[in-house]
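There are 2 protein chains.
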Amino acid sequence: MSTRWDHRFAQRTQRMTSSAIRELLKLTAQPDIISFAGGLPGPALFPIEEVREAADTVLQQHGRKALQYSTTEGYPPLRAMICRHMARYGIVVDINNVLITSGSQQALDLIGKVLINPGDKVLTENPTYLGALQAFTMYSADFITVPMDDDGLLVDKLEEALRSGPKFMYLLPNFQNPTGVTMSVERRREVIRLADHYGIPIIEDDPYGQLRYEGDHLESLVVGDARWRDCHTHGKFTGNVIYLSTFSKTLAPGLRMAWVVAPEEVIHRLVQAKQGTDLQCSTFDQMVTYEVGRGGFLDRHVHRIREVYGQQRLRMIQALEKAFPDPSLGVRWTRPEGGLFLWVTLPEGIDTGEVLLEAVKEKVAFVPGAPFHPGGDGRNTMRLNFSNATTEQIDEGIERLGRVVTGLLERKPTAV
Amino acid sequence: MSTRWDHRFAQRTQRMTSSAIRELLKLTAQPDIISFAGGLPGPALFPIEEVREAADTVLQQHGRKALQYSTTEGYPPLRAMICRHMARYGIVVDINNVLITSGSQQALDLIGKVLINPGDKVLTENPTYLGALQAFTMYSADFITVPMDDDGLLVDKLEEALRSGPKFMYLLPNFQNPTGVTMSVERRREVIRLADHYGIPIIEDDPYGQLRYEGDHLESLVVGDARWRDCHTHGKFTGNVIYLSTFSKTLAPGLRMAWVVAPEEVIHRLVQAKQGTDLQCSTFDQMVTYEVGRGGFLDRHVHRIREVYGQQRLRMIQALEKAFPDPSLGVRWTRPEGGLFLWVTLPEGIDTGEVLLEAVKEKVAFVPGAPFHPGGDGRNTMRLNFSNATTEQIDEGIERLGRVVTGLLERKPTAV
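Just so you know, the sequences run in chain order S and Z.
Here our numbering is used: the first residue of the first sequence is -11, the next is one more, and so on.
Here our numbering is used: the first residue of the second sequence is -11, the next is one more, and so on.
Excised from the complex, chain S in its bound form (with noise of 0.2 angstroms):
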């Protein structure tokens, strides 16, 4: 009896993503571990009693329209903060091309299912955000990637995968998750002009873009791209960029919000998809996220994020040249300028599965690297995530893995 579903599933389910990874991150939900797996951010800073009495003043001023059903596109004095906000980042867009969405992830949902058709290419950066890799796969999209280094994709590589025929190219230009690694300001400016050679379009996916702890900020792929072909001039956006940004990082992502800036054409499309997915986003939950932010709060909290998170980012750093083996032994870290992560190498040979396995038993938990490629490549590598933890468990928990990673180096001296 209870296989009698079985047979019934669909073929795209059987790419569904493997959950072994996943049983084992189970483990690191042990109250008593050190988890640098998850990308979450830090509770303490979550804006509590703003968010409490936007709520009680949207459901005491508004109450009846909170609660009903409203328009797919999104609560419309929402989109406009949107558009307030990112014009100051030089996205000069209106509400028209903007749409809320349920997280990113919904976002990257929706794009797959109005974009790909089964077969299509996604080009990625290798590795690439898992979820992405998760939505493109449901609507049976293969892959090509681009490999990258400490300044982003390899643009002279980008030029041969785009004559292969994307369908699309999916890229995190600032603080990538998972490596942490940002795009230069050089390559930025290369990818946009590719991308309109080959006529190939540009999904960029930008939740950390207001997370920078060092530098200045570099300008995102969509305004470049909008320079380049000077497409305001008629008034209208329309560009080879489909942008998303989220309120996740900088407000809470218990509250699933986030957004899609797009040509209309292409907003209208998403909209058809949305509305056969979920018809629209929690009407309370927008105008909550409208009422804390419309005074100009999140700009002040951001600041505050950005104190916290760069004391961690930098914490760890520390630790991990203190507790990690050699960097003469093959064991390579990136320092980010911004975001959640950063993301370590081991040498070839070490599978950091196995790595994990070990470090659960010492209490410590971090992501494997491998399911971030899709090619199935970087066995080797791991993500760590330093905005949910305490500096004392950074130290701490760096110091465990980087007995058990030292443990393993020299029980396998061929690896090196």
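Mixed in with the good hints there might be a few duds.
Remember, identical chains collapse to one label, so a pair may be satisfied in a single copy or spanning two.
Derived DSSO-like pairs: lysine-lysine, alpha-carbon spacing no greater than 30 angstroms straight-line [said to hold, decoys possible]:
#	residue 1	residue 2
1	K53	K14
2	K224	K14
3	K400	K14
4	K349	K53
5	K351	K53
For the record, the hints were derived by calculation from the structure and aren't laboratory data.
Following the hints, position chain Z against chain S.
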């Protein structure tokens, strides 16, 4: 430039519902129009104060949790509350059989994602819920339909349809959207028997089950199926039915809180699909829904909703009897025992799209029935919502609509 995206959209988007009706319905958003078009609950019944108190409690007591990421399956106390609620209707499952979704619309999308291969056939009542057609169409389903009468779908036509091998059947046994019709006990039994005989699963969509204004509750298909196969004997819920319900009609649709009940193996796939789709529903809204409901408030509240909607339904039937052409002229309407809608059939040859154009001039609106018919028939039908208008608006609106219909019938005598 404005068409640079046109050729990029996936084939499935070309099957997205034409927006002709939607454009027409935009006209009905004028404030001075009496609209029977939406499926909106009456906002005067929203328990605003209870939601406000619940939001306050959740943020004061569990703020960090409410604003953080949480599991894809949904907030466990909310799922447990749903189990207790359903047990009173004979649906005996545990929380591993329950997934929280962003409205039932998302449940339909996820079901499409995990069950439908391109070209699979989905069996529906004719007419059926438009949102289900939209959701399943995105996974390239074809539709087989079975006609209905006042006792629900015609089971003597069902067997032939089942022989053509649909992937599943999608049914709304209680106060169906759009017709308001309820499937009789005898037909429910026969549907369960035939589904089992042909090995075809049932998707039972039950958004309105609690909103019954007359007659006795009829056992859900999921309960009848469980008894039929005695599937609880091994302590596990395994069956042939996926059951959907929602808080949208008993609490508030703006929170987008609904749920799926299914065997664990199905829930497991739905959870994987939801991970790639939007990760999870709003943690905050889930906790607020639980907080509102946990003391039994929703039971009391549903009594009040039944009373009010029951009166509105009666009022609309009375208004139709008074203002609409005599049934001898071929005009019929259903007399729903619950739910939000009733269904009017005009004589063949009358196009309710044209009726709507005339009606909007008279400042009254409804939804033409054709889009609810996968086969494109039903051009002479219309759906009327009675939950979102006051009794005065019902009297006035039906009178106006009666004038329009009478006028059209008189101008098209050959159609009668």
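Quick rundown of the hints versus the structure:
In this assembly of identical chains, K53 and K14 lie within 30 angstroms of each other by CA distance solely across copies; the values are 18 angstroms between and 39 angstroms within a copy. Proximity of K224 and K14 under a CA criterion of 30 angstroms is satisfied inter-copy only: 23 angstroms between copies versus 47 angstroms inside one chain copy. Within a single copy, K400 and K14 get their C-alpha atoms as close as 28 angstroms, which meets the 30 angstroms cut-off; across copies the closest is 68 angstroms, which misses it. Taking the shortest alpha-carbon separations for K349 and K53, only the inter-copy value of 27 angstroms comes in at or below 30 angstroms, while the best intra-copy value is 51 angstroms.
For the homomeric pair K351 and K53, the shortest alpha-carbon distance between copies (23 angstroms) is at most 30 angstroms, but the shortest distance inside one copy (47 angstroms) is not.
Of the numbered hints given earlier, the model fails none.
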